[in-house]
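Here the protein sequences line up with chains A and B, keeping their order.
Every letter in the first sequence is one number past the one before it in my numbering, and letter 157, counting from 1, is 157.
Every letter in the second sequence is one number past the one before it in my numbering, and letter 128, counting from 1, is 128.
Note that these hints are calculated values from the structure, not bench results.
Here a beta-carbon is modelled for each residue, glycine too, at the ideal position from N, C-alpha and C.
A portion of the hints provided could be inaccurate.
One side only, chain A facing chain B, incomplete, derived with CB under 10 Å [unchecked claim]:
{"hint": "1", "residue": "D7"}
{"hint": "2", "residue": "E23"}
{"hint": "3", "residue": "E33"}
{"hint": "4", "residue": "T38"}
{"hint": "5", "residue": "Y40"}
{"hint": "6", "residue": "L43"}
{"hint": "7", "residue": "F82"}
{"hint": "8", "residue": "R103"}
{"hint": "9", "residue": "E192"}
{"hint": "10", "residue": "S205"}
{"hint": "11", "residue": "P206"}
{"hint": "12", "residue": "V209"}
{"hint": "13", "residue": "D221"}
{"hint": "14", "residue": "F228"}
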Amino acid sequence: MDYGTTDAELALEAEEMKTLDPETEKLLHGYTEEEWLTWYNALVVIATRECKKRYWRTGKDGHLPEGYSPETIVQEAIARLFDGRRQWNHLEYPGNSPIGILRATVESIAGDLVRSQEHKRYAYLESAADDDDDDDSEGRAERLLHQSRKNAYQLSLPPDRTVYLSGVLSRIEARVEDRADLSSYLACLLRELKRSQIAEELKVSPDRVDELRKQFLARTDDIYQELFGGKQQAQKKGGA
Amino acid sequence: MSEKDSTDKVFESLTAWMDSPDTMDLAELRQVRRMMGDNVEQSEREFLSWLGNLKGGLEETAAMLEIESILSSAKKLGLDAPGLADATELSVVLVMKLDRRLIDFGSIPEKIFDVLANALHAAKALVTEYLQQPPVLATEARFRANENPKVPEPQNFFDAVRSDKSIGEERRVALLALSGER
Numbered sequence: 001m002d003y004g005t006t007d008a009e010l011a012l013e014a015e016e017m018k019t020l021d022p023e024t025e026k027l028l029h030g031y032t033e034e035e036w037l038t039w040y041n042a043l044v045v046i047a048t049r050e051c052k053k054r055y056w057r058t059g060k061d062g063h064l065p066e067g068y069s070p071e072t073i074v075q076e077a078i079a080r081l082f083d084g085r086r087q088w089n090h091l092e093y094p095g096n097s098p099i100g101i102l103r104a105t106v107e108s109i110a111g112d113l114v115r116s117q118e119h120k121r122y123a124y125l126e127s128a129a130d131d132d133d134d135d136d137s138e139g140r141a142e143r144l145l146h147q148s149r150k151n152a153y154q155l156s157l158p159p160d161r162t163v164y165l166s167g168v169l170s171r172i173e174a175r176v177e178d179r180a181d182l183s184s185y186l187a188c189l190l191r192e193l194k195r196s197q198i199a200e201e202l203k204v205s206p207d208r209v210d211e212l213r214k215q216f217l218a219r220t221d222d223i224y225q226e227l228f229g230g231k232q233q234a235q236k237k238g239g240a
Numbered sequence: 001m002s003e004k005d006s007t008d009k010v011f012e013s014l015t016a017w018m019d020s021p022d023t024m025d026l027a028e029l030r031q032v033r034r035m036m037g038d039n040v041e042q043s044e045r046e047f048l049s050w051l052g053n054l055k056g057g058l059e060e061t062a063a064m065l066e067i068e069s070i071l072s073s074a075k076k077l078g079l080d081a082p083g084l085a086d087a088t089e090l091s092v093v094l095v096m097k098l099d100r101r102l103i104d105f106g107s108i109p110e111k112i113f114d115v116l117a118n119a120l121h122a123a124k125a126l127v128t129e130y131l132q133q134p135p136v137l138a139t140e141a142r143f144r145a146n147e148n149p150k151v152p153e154p155q156n157f158f159d160a161v162r163s164d165k166s167i168g169e170e171r172r173v174a175l176l177a178l179s180g181e182r
């Protein structure tokens, strides 16, 4: 009997209709509000750090391209997981928490945005310098200006920013110098050790590392507030 | 190391504690965000509202299209054909045949209406009504140019189960056992 479509064709068509996998769908709809808020805040912290890195790398602060902010980067990552644009590989990111896959997505989006803007800026400066072939003095002055901006972007940061960061580090060191455990914790951070490596280095449990972090931040809160611009923003809001 | 690299490194080191926010609880994360100058309460309110719209939008779309076809309804719920086959303990081929109404309505066990309605979050009456309609032709792209499309004759459900090469033996046995319940 001819059923019009073979079983093999039906199976092939089913494969082509792939979308959000049911396991992910079930998980995403099952999380509590508190779980979502915890992950949201954690991801905003990660996104903010990614965006701030850009400032220290390029000297360019302020708005991200395409109207993005750390919050909207996180929303975009979550939306991609919900609509299946980002597939949750449960072997690569095991467990019921989406924080691993979402973190990777946030870092990827932030990285793309920063690269895109840095590329645009570089391309603009390159093009402006190369296209400007007027031989008059105004043209030459313009060309020199573009060239100097391009070089500034490529080669160096203003010395005051480097000095400022060194100053921040010194102030943090001074703030914890009376506590050997916190000084050791800071030394581990400066060696870019991860939580488990810090635990191993200090011969304490990972929970103790979390406790040290809390104590470290309690002592240095105002310095970090300044580093992230929180103090200035709070003052602006208060003054507005 | 260049000055730029060095500055990068200092900033990354100073903020290395932010590298494991998954080990922070909600209270600590809120504190960290406040430290960064964020209005946490407002940000969370906006996020929850956005998340509600995201979830609500998906569910609303699924409800609106619930009987357009079995597979499109399943897709709106995030289920593809294998996902629906698993949720209903059928096979991909059976799910596709039911979607196309290539199965004789009178031969479909009552339980199949229940499991489909349950998996699609739809009323059983709507699923029944959908499966009662005439068979659907294969998609246009799969017709051979030199053949006229034929409206296929529906297959008996249990014949389809017996001839299905894609189904696991356990599921086949369970489905064939439904023949005694009709």
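Checked hints:
{"no.": "1", "hint": "D7", "verdict": "5 Å, holds"}
{"no.": "2", "hint": "E23", "verdict": "8 Å, holds"}
{"no.": "3", "hint": "E33", "verdict": "7 Å, holds"}
{"no.": "4", "hint": "T38", "verdict": "5 Å, holds"}
{"no.": "5", "hint": "Y40", "verdict": "5 Å, holds"}
{"no.": "6", "hint": "L43", "verdict": "8 Å, holds"}
{"no.": "7", "hint": "F82", "verdict": "6 Å, holds"}
{"no.": "8", "hint": "R103", "verdict": "8 Å, holds"}
{"no.": "9", "hint": "E192", "verdict": "6 Å, holds"}
{"no.": "10", "hint": "S205", "verdict": "12 Å, violated"}
{"no.": "11", "hint": "P206", "verdict": "7 Å, holds"}
{"no.": "12", "hint": "V209", "verdict": "8 Å, holds"}
{"no.": "13", "hint": "D221", "verdict": "6 Å, holds"}
{"no.": "14", "hint": "F228", "verdict": "4 Å, holds"}
Consistency note: the structure conflicts with earlier hint 10 alone.
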